[in-house]
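Colleague: The primary structure of each chain is shown beneath.
Protein chains: 6
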Amino acid sequence: MTKLLAEYQDNEHIDSFALIKTAEVRLTKTGKTYISILFSDRSGDLPGNLWDAEDNQIKTLVPGKIVRLQGVKGSYRDQPQVQITQVRLTEAGEPDSPSDFMVHAPVKESEMNEELNDFVLLITNPTWNRVVRKLFSQYNDLFLRYPAAKFNHHNFSGGLAFHSLSIAKLAKNISNQYAQLNQELLIAGALLHDLGKVIELSGPIATQYTLAGSLIGHIALVDEQIVLAANELHFDLQSEEMIILRHVVLAHHGLLEYGSPVRPALMEAEVLHQLDELDAGIQMMTSALDKTDSGTFSDKIFGLDNRKFYKITDQD
Amino acid sequence: MTKLLAEYQDNEHIDSFALIKTAEVRLTKTGKTYISILFSDRSGDLPGNLWDAEDNQIKTLVPGKIVRLQGVKGSYRDQPQVQITQVRLTEAGEPDSPSDFMVHAPVKESEMNEELNDFVLLITNPTWNRVVRKLFSQYNDLFLRYPAAKFNHHNFSGGLAFHSLSIAKLAKNISNQYAQLNQELLIAGALLHDLGKVIELSGPIATQYTLAGSLIGHIALVDEQIVLAANELHFDLQSEEMIILRHVVLAHHGLLEYGSPVRPALMEAEVLHQLDELDAGIQMMTSALDKTDSGTFSDKIFGLDNRKFYKITDQD
Amino acid sequence: MTKLLAEYQDNEHIDSFALIKTAEVRLTKTGKTYISILFSDRSGDLPGNLWDAEDNQIKTLVPGKIVRLQGVKGSYRDQPQVQITQVRLTEAGEPDSPSDFMVHAPVKESEMNEELNDFVLLITNPTWNRVVRKLFSQYNDLFLRYPAAKFNHHNFSGGLAFHSLSIAKLAKNISNQYAQLNQELLIAGALLHDLGKVIELSGPIATQYTLAGSLIGHIALVDEQIVLAANELHFDLQSEEMIILRHVVLAHHGLLEYGSPVRPALMEAEVLHQLDELDAGIQMMTSALDKTDSGTFSDKIFGLDNRKFYKITDQD
Amino acid sequence: MTKLLAEYQDNEHIDSFALIKTAEVRLTKTGKTYISILFSDRSGDLPGNLWDAEDNQIKTLVPGKIVRLQGVKGSYRDQPQVQITQVRLTEAGEPDSPSDFMVHAPVKESEMNEELNDFVLLITNPTWNRVVRKLFSQYNDLFLRYPAAKFNHHNFSGGLAFHSLSIAKLAKNISNQYAQLNQELLIAGALLHDLGKVIELSGPIATQYTLAGSLIGHIALVDEQIVLAANELHFDLQSEEMIILRHVVLAHHGLLEYGSPVRPALMEAEVLHQLDELDAGIQMMTSALDKTDSGTFSDKIFGLDNRKFYKITDQD
Amino acid sequence: MTKLLAEYQDNEHIDSFALIKTAEVRLTKTGKTYISILFSDRSGDLPGNLWDAEDNQIKTLVPGKIVRLQGVKGSYRDQPQVQITQVRLTEAGEPDSPSDFMVHAPVKESEMNEELNDFVLLITNPTWNRVVRKLFSQYNDLFLRYPAAKFNHHNFSGGLAFHSLSIAKLAKNISNQYAQLNQELLIAGALLHDLGKVIELSGPIATQYTLAGSLIGHIALVDEQIVLAANELHFDLQSEEMIILRHVVLAHHGLLEYGSPVRPALMEAEVLHQLDELDAGIQMMTSALDKTDSGTFSDKIFGLDNRKFYKITDQD
Amino acid sequence: MTKLLAEYQDNEHIDSFALIKTAEVRLTKTGKTYISILFSDRSGDLPGNLWDAEDNQIKTLVPGKIVRLQGVKGSYRDQPQVQITQVRLTEAGEPDSPSDFMVHAPVKESEMNEELNDFVLLITNPTWNRVVRKLFSQYNDLFLRYPAAKFNHHNFSGGLAFHSLSIAKLAKNISNQYAQLNQELLIAGALLHDLGKVIELSGPIATQYTLAGSLIGHIALVDEQIVLAANELHFDLQSEEMIILRHVVLAHHGLLEYGSPVRPALMEAEVLHQLDELDAGIQMMTSALDKTDSGTFSDKIFGLDNRKFYKITDQD
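Residue numbers (the working numbering), protein chains in the order written: chain W, 1 to 316; chain H, 1 to 316; chain F, 1 to 316; chain U, 1 to 316; chain D, 1 to 316; chain B, 1 to 316.
To be clear, the hints were calculated from the coordinates, so they are not data collected in a lab.
Errors might be hidden in some of the hints.
[To be verified] Computed spacing ranges between beta-carbons, pair by pair:
1) U:Pro-63 / H:Lys-108: 46 to 52 Å
2) D:Arg-26 / F:Asp-299: 28 to 34 Å
3) U:Leu-255 / W:Ser-36: 40 to 46 Å
[Unchecked claim] Where chain F lies over chain H, by a calculated footprint (3+ residues, C-beta under 8 Å):
4) 164 to 178
5) 254 to 268
6) 277 to 284
7) 300 to 312
[Stated by the list, open to error] With a straight-line Cα cutoff of 30 Å, these simulated DSSO-like cross-link-like pairs (lysine-lysine) come out:
8) H:Lys-108 / H:Lys-150
9) D:Lys-32 / W:Lys-73
10) F:Lys-311 / W:Lys-150
Ideal Cβ positions, reconstructed from N, Cα and C, are used throughout, including at glycine.
Only chain W is shown next, with the shape it has when bound in the complex (with noise of 0.2 Å):
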């Protein structure tokens, strides 16, 4: 009973313990009450259908509970899912934590918070350096665990922060090579620039976007943070240190209708753009590609304008 839902193959028995990411009731076209389920453990997601609901099964089957799933894995219109015989709540004894079940980035939290110190202790501006550190101080936690995103890329607990370190390290190696960019500002960005999702999303598991996420957005949320910082650190708002720092994160999106209020007028803005795309980017392929068989095409992918992607055939 140790195999991941991912491991299963087409018409085998599954019994395995999963985590109820979400649950829907709803009505056949005849009128009978269902649960349709999303399960979930560290390999991914399986939908299946509870027919024929109780309703004590619609109290207790609830999202973020672990349960006992048994079954038999089949698809449905291409999708793998599960031919639900028998759904329960854990017991005494078996699995009662969610993070267990949940997509984590592959990298560990504490090797995440070990590179992102060694990441501030490059940015050697005292101005950006305490701005940072004080605001790593305030989030360090939800940073590490938090997913860069509700959907597309970096969907996962410790998406945040395997993201913005990416993309630092993108920003140490390129800085390296074109001399005239400012290493330090680049850093800075980097590890900055999405920290405003820990108020735009409500957390991990079964990722919703809170009301400020919604009416204000993680980009001017971001910029608030540091305004508060900066305000308590008794920085000038005016000086340009500060004006840039802001600049840098306000401009990430790069184009106006992708978000952002202003668009890059530093050489560091716009790098720093390039460099998120090109993570999101790489990530999003690698992800969609881990589920295509050589010398296939990958589903579509929604943050790359609905492209296929192609998987060569030696490539495994």
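Since chain W is already given, all that's left is putting chains H, F, U, D and B on it; use the hints.
Modeller: Okay, now just chains H, F, U, D and B, sitting in the frame of chain W:
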């Protein structure tokens, strides 16, 4: 010598006082130095070239200075200009206040200030009222004297207040017609929406973008001011009241491609955006048609997709 | 049995009279015949499927008929529906007027008619006044009973008049605030702008596009009507008065891509276009928020770029 | 002195009669008056400046006049121009008919008139035939003498007829190849589609937009004419015949953003639109390549997205 | 049993031979296996589901097979379908050639071949003639049997030749009307422009994109073929003849966003592009209107911006 | 006389050798002949006008010639220019090699050649390695001396190699960070992607588009070269290796509207496209900021949507 620049006819001899708005030293194709000057008084602008400029003229005839201008009115490429015969700084006993030579809003500062106070009284929600009052106690003077833009609409002294108060009037009328609109939220948004311009722009004379204006923009700047005010007043940034006040202001450009980081997601935010466009549009058309003869078309209006507008024959 | 369809709770037994708005005969995947019916009363619409439909049901349960509907209220894919237990045509003594089951404008026809007459009195220009009066003497009834659209905004009986009169009210208020606007041209435009809909659409019940509606469109159709009226009144089509009246109406969609053959080139044409958008937008948001709980977001609104709008908590 | 303007070589002395097409009085930068004149004969246009213009020259050298022009051919910014040595109005015994100096369609009016009549005979549907005949009995002369546009394609005398008849020819050929096309509807559409230009434009010399042209546009204007003709002929505007005839004409710009209030929804409407583009495109390319040397690229063609076209080496 | 699939009425019993075009094994929501089959003969396609499919049915009822199909004709979501009662592979003595069950171009292969040869004779330029002949000697068979597309226009056996020859016919006629067009270049372009489809697509049955089709596309593929042919014939790739032949083919999609790497820069390239659109458009409209009743609108046509087209009443 | 053109101050007397890059003979408005010359040395360009040019100057002062230039440095419309006092061809004993007066890549040809060889060694796939080696044995010299563009980025001698090798460096670093990328495919793509420019452009001096460049474009031209190389090496064009190598090169502009006939459909193709944009962007910004004072904004950069970039104060 009391005639205004716009009152002279073609080929008439000019002898008036004027403010130098811009002055650029250039070479002719054959290498001679001249100064391209934009003269201005409260009737508008008039360009002219000072040929064979001498060094002390280059040093003294600079933006912000008041001069006595003599010459002949002509036109170049369909635009009025002056053929300068003489130009010198004003002397003791002659006019010396730049403010007397600027285009002003058609309403007095003191009246606009009263209107502002009356509108603030309509905001009975204590959170919104205190934020608005705090910001206007801080920026009242600049609000009453700044233009609303460098070019385009309301680009005159007092334009910021004149534009904001016009929208507030529209907001008041329209929320009377549509009872479903929250009048005080609309009015608070109308008053605050462009307040970031007092940081974005350099002031009413020879208006330029500040560094913060170019790299952060007036939308994020007014949000910064609201955040700092709320912080000082100990209001909760996560409360619905604060979130929707910020939203209404952040979303007022309506579309991401116009620089709002979020699109309107409140009925009041959508309406404020539309009233902003309506007032700006009417001001641009009015200003263009003021210079147009009945029965003919105006110049192209940049802010309205370069359309020309027709002035109805009997509408003078 | 006086309860309206929208007043039933989930799982409650329904027993009400209703109008059949649409009825489509379909096969299940396994080949059985059923009728997919849209029931309707003045509280809104409710879909339901009549399984194993018999031939005489297929013949009699058609759009425009009034039925007694019995069943249970449920939902399918988050949309309310009814599980039909019985449905039959009404009999003698039961309701038989489709008009009683339609959604109506929130103002009575007679009141709207008075408002219309009041607005016509404000049009003192004799050419415009006579054209407007001629057309409303011809189309008064249809104007008061037609919807303003098949979908989107004001798609209820009387919607055309309700929408046109709202804009006329806005026009009157706004031309009071901005004296440079020609009030009577704006009002004439407001009343006429959508009048072509009485030819474009089939009527208030089961609204469809007519052939002329599909191939010519309401903008060219209202222009046709103005041209014919002017012709009969012996007005000169080359006079400025006639040209600008037609222009204001032809340009009211604002952009070529929205179907206006010319863009607004009169201040009044631009303002009329913006007021049209403002009123349509407010109506769509109001209608969506009426079905939304406080503190949550509405469904996506098609006519507003599929945005969802938030309903403020204390705004019930 | 029989040489045409286009036949002179660079640096050759010019002595020819020419029509003044446009004449604008301007100031040099140093304030001297000159007239910028566009001379023209049936070989094309040639601009030149008359320096130090005297008052009586300003009064007499105006558009529509025929002059004797003397000077030297040169070029300014890669465009041919004339260095004027002398210019005066023609005297008794010298040419005096502007029509002799205009660019004309490459086919005679009388031939085009015959072609027109032949095409009308192909329209056997009595409704369409009578509408077409009524309109051409009314506008025959203007149709044969007007240009098809102010700029862009077919902007010469007779261009409207030349363009419309070319499309009718294409329509005839193509409906022979594709039997599913209604030939007479296509031909009626080809003849009528641009007829509104006789109201939209001021005429073949110094062509301007009329007020109706600017505010209503040739598409709604031709629809107006068809409606009035049908009205006078007592045809039913709601008949399919009338609706589809109007549709074919209204939709001929193909896209809403090009000014058609409806997109083509008949096979014949779509085909007419494409033939219109085809003929206009070929005319623009031909006209540009006529001025281009073999083996080089033409100037940019505004109406074809500013593309330059290459002239094949052996294709003279 | 000689009836074609399209000839059966609703509810009529079907007993016909058919080709299996696609066959997908799926699960019902409740987990039962069925095969979703697309049956086809030269009258068109008909989908149906084989419920409770057995293993040997799953193995044998695959694309390309001919079967005897029994069932009842019905419809599902407005699309015709068959309720299968029995389906089995054909036996000895019954039809066995897939080609007999495919939709074919309305002209015979042999006739199209003759037309092709006639057109090649019109290409007298020896370079173009030899390149065209070389490629058609190589790809003649595929050219005559391939469809012109997977979906959209001319997606039937022989569609590639039928479409290319229609354009060649248009090219011949139009270059007769406009003498300035190089007829043989146009014809060579018409014949070659889509020839890359024989590499891009898998063939006339169950048409798929090949790997080269997906990753290189038919435009670069036909260019590759022309380059290789010219190389083998020892023609100079830098000669104007070769450059313009390749250009006409490379640019035939007209716009970069439609996949041409260069926009048309020869009059013939622009015209070829427009003729391609014209023929494809007419074919799509014809095909949609063939399935439409007079006086009603067709289904939306994907390749024409999802427009619906109206079928004129008397046009059957 | 060893000073470079860019080293002179305003108003300083110039006496230097320079290359004539472009020379156009023009007329003044008053009809006098002058030559508009672009002088150039390895510090950049400097325009100047030679007034009252004589015939033998017009004949000898042509692009590619080296001259001794004397005059005074000034500026015209904010751009530096020279007021020429004397200019003559260089004589025996004075400089005569155009190459000494061109802007060169900041790395020597020999070093770039070594780098190129090192990168080729990293391509171990024998198909890709042999195609790359074949093409570089053929075009090595041109690759090292050509610019990467006529305008925009890397428009200097050696720019093609400098740009391609920068991308190869990025490719190497980034495929170290992301192990899922195929490093050798990325490097092969980086080296080949712009190689078609050696056919598209005329060379490093007075760079123009060739006929093949204008009508076919560098993307189809490099594909042509790969196809011919593969053909000669007897590689199968249908093999996955050849298809994906061509794809990576064909797709490198990323979007169809930028001239790629296919969009990236391999992870490596997408990444190569992004690295191309990154390097081009950094080069354009660096080049603009090199001419910008700290604390001010650069000129608009055409290739970056006409944005201006700010130069940080302490970043000299």
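Colleague: Confirm or reject each hint.
Modeller: Hints, one by one, checked against the model:
1. U:Pro-63 / H:Lys-108: 46 to 52 Å: holds (49 Å)
2. D:Arg-26 / F:Asp-299: 28 to 34 Å: holds (31 Å)
3. U:Leu-255 / W:Ser-36: 40 to 46 Å: holds (43 Å)
4. 164 to 178: Answer holds; 7 residues pass the 8 Å Cβ test.
5. 254 to 268: Coverage by chain F holds here, the residue count being 5 at a Cβ distance below 8 Å.
6. 277 to 284: Coverage by chain F holds here, the residue count being 4 at a Cβ distance below 8 Å.
7. 300 to 312: Three-residue rule met by the segment 300 to 312 of chain H, so holds; n is 7.
8. H:Lys-108 / H:Lys-150: With Cα atoms ~21 Å apart, H:Lys-108 and H:Lys-150 stay inside 30 Å; holds.
9. D:Lys-32 / W:Lys-73: Given that 30 Å is the threshold and the Cα spacing comes to 12 Å, the pair holds.
10. F:Lys-311 / W:Lys-150: Distance of about 23 Å is within 30 Å: holds.
Violated hints for the displayed structure: none, as all numbered hints are satisfied.
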